[in-house]
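S.K.: The primary structure of each chain is shown beneath.
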Amino acid sequence: MHSLEWPMTEGPEKTADAELEALSESGFALAIQLLGRHADAADVVQDSLRKLLHSGRFDARRGNARAWFLKVVRNGALDTLRRRKPHDAEAVAALPDATPAPDEAAARSELAQIIRRELDALPTEQREIILLRDFHDLSYSEIAEVLALAPGTVMSRLHRARRALRERMGKFLK
Amino acid sequence: MKHDCNETEPLLSAHLDGELTQGDRQRVELILEDCAECARAFDEMKKLRQHIGGIPYDTMTEQEKNEMNRHAESNVGASVGQMLFIAGLVMVYGVGAYLLCADLITDAEFAKSGEANDKVPLFIRVGVPALIIGLGILFFTVLFQRIQASKADKYTDVEF
Ligand SMILES: [Zn+2]
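Chains as they are written, first to last, in my numbering: chain W, -7 to 166; chain P, 486 to 645.
In isolation and in its complexed conformation, chain P is listed as follows (with noise of 0.2 Å):
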């Protein structure tokens, strides 16, 4: 088959690899069939991957991986502790003030009572619910911002 056996070399490597197209491989095992230096090429290709996955590399040792384990187990504890405190902290803080903003908002007890004892002065029924709200707001963007920046880790952007 007429070919230019430098322009083919890198079809022989991807051929290696199971990466060709259908019709490139049929054209790739024409060529191996009756080029001798194409087929030269294509072997050393082979046997280097063949040896390569064979190479002796250094491999961790024991205690190398119980501390890996170790590791890794006290983080999963981290951020399953982080969330469950996280969730907490919302629904305490978040029903919490609730609950006290409304009673100051609609000033319950004077409501209910009528008697001018009870009756909350209007600077405290609108500013303790905006110091609550607002403290609550700041601590959350706070945190949520923190957690953000420690998950938006540069490598963790990568999609599967």
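Isolated chain W, as found in the complex (with noise of 0.2 Å):
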């Protein structure tokens, strides 16, 4: 079907189509949290995308490219964002947004609301540590490796940035 397909051989359980769409949707996801805006954020991935192929790396048989994947789009978004003119009000205006829908699914998650907000609000360094774990469920190791600290320090960054997060939570937290 798909030529993708090859030269890869297919994995016993995925096939490299379906691999490259769930990293493909890790990446955009991360893109967003750092970007705010969709059409950035598709920029990136696709860039990140080919520069996967493009090194030879990715490997369905191998499995989980996903760490390296998401360090390539981590840089490639924070470049996206030292472009960006400070006074660029659009893409700030696109961050936060959190106001919730007066429906059901807004209900439903509005503490998620409120917390995307409130993660929005931190600076770039404390979001991106809480969401690789917290969202993209990530080890310390692969947390290391995505955004290129010494191993030992995961801990302590994590827990100050997550300490923040509950400093701004106050009261929704009780």
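I should point out that these hints are in silico values taken from the structure, not numbers from a laboratory. There could be a bad hint or two in this list.
Each computed DSS-like pair below joins lysine-lysine, with the alpha-carbon atoms no more than 27 Å apart [stated by the list, open to error]:
hint, chain 1, residue 1, chain 2, residue 2
1, P, 532, W, 163
2, P, 531, W, 63
3, P, 531, W, 166
4, P, 487, W, 63
5, P, 531, W, 163
6, P, 487, W, 166
Values in this document were obtained by computation on a predicted structure and should not be read as measured data.
Make one complex out of these two single chains by using the hints.
M.R.: Pasting the structure below:
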């Protein structure tokens, strides 16, 4: 069916296609979390996919290229952030879109919306480490890889970021 | 268990993530059993973690997914094409150059016939192989430098 399955052979569980799609989806989530703006996130993921395939690193049989891919996405997103003009009002406005819509989905996840708003208000450095752990479910060693940190520093950084978030959340957590 | 709540907090965070050594884990479990403040901090972190996993962030549209797929395919196609092209080039150039140079250097025609007409002047016997080999070295050096440059992207040097 898909030309992508060549020259990679199919893994026992996941095809190369499914694996690539899963990678793109986590990459896009991280890009949105860092950039806020949909089109920018799509650009970064597209670019990262190109790098992934070009590097020859993608191998469906070997599985988890996720930490590596997220690292590429994260670096791409940070480049985009740096290129943004400081007064890029549109991007800033697009970031915390946390006004709860008055429907049942919003009611169900009201706390999640508040958390999202407070996460978006954190410095990128704190937001990303919390999301890599709690949203993307990476281990400390994977987080160290994505953020290019010494493995021993992940625990304390993550803890500081979590404390900052808890302080911002205040009464909502009680 | 005697402890400083503030100093224990980083351990609580790591405990939530299952990243503690067995010794620390047992210590933290004991603390959680009899310190209300630590237990509360732990519950808050746990609650945050659970809700963060469920935040409905934007996802890619179907159109974006398709576009990315197409892009990825053309990329794989391009690198396969590039590989075949280089392999073919190395073979044709290499074998062709070898045959031509071998004949010239040994002056094969003259050696066979012994006729003065077939004798190739020395400057051609040396000059042409030098040109061909030199051109080959130049071309492949540039080619491989370019390939290296495109591969040595600043993100691709990460080890697994
Ligand atoms: Zn305590």
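S.K.: Determine for every hint whether it applies to the structure shown.
M.R.: Going down the list of hints, with the structure as the test:
The straight-line distance between the Cα atoms of residue 532(P) and residue 163(W) is roughly 13 Å, inside the 27 Å bound, and the hint therefore holds. With a C-alpha separation of about 26 Å, the suggested pair residue 531(P) and residue 63(W) falls inside the 27 Å cut-off, and the hint holds. With a CA separation close to 13 Å, the supplied pair residue 531(P) and residue 166(W) stays within the 27 Å bound. Taking the CA atoms of residue 487(P) and residue 63(W), the gap is about 41 Å. The hint is violated against a cut of 27 Å.
Restraint check: the Cα-Cα separation between residue 531(P) and residue 163(W) comes to about 16 Å, which is no more than 27 Å; the hinted pair holds. For a cut-off of 27 Å, the pair hint linking residue 487(P) to residue 166(W) stands: about 26 Å separates their Cα positions.
Checked against the numbered hints above, the structure violates only hint 4.
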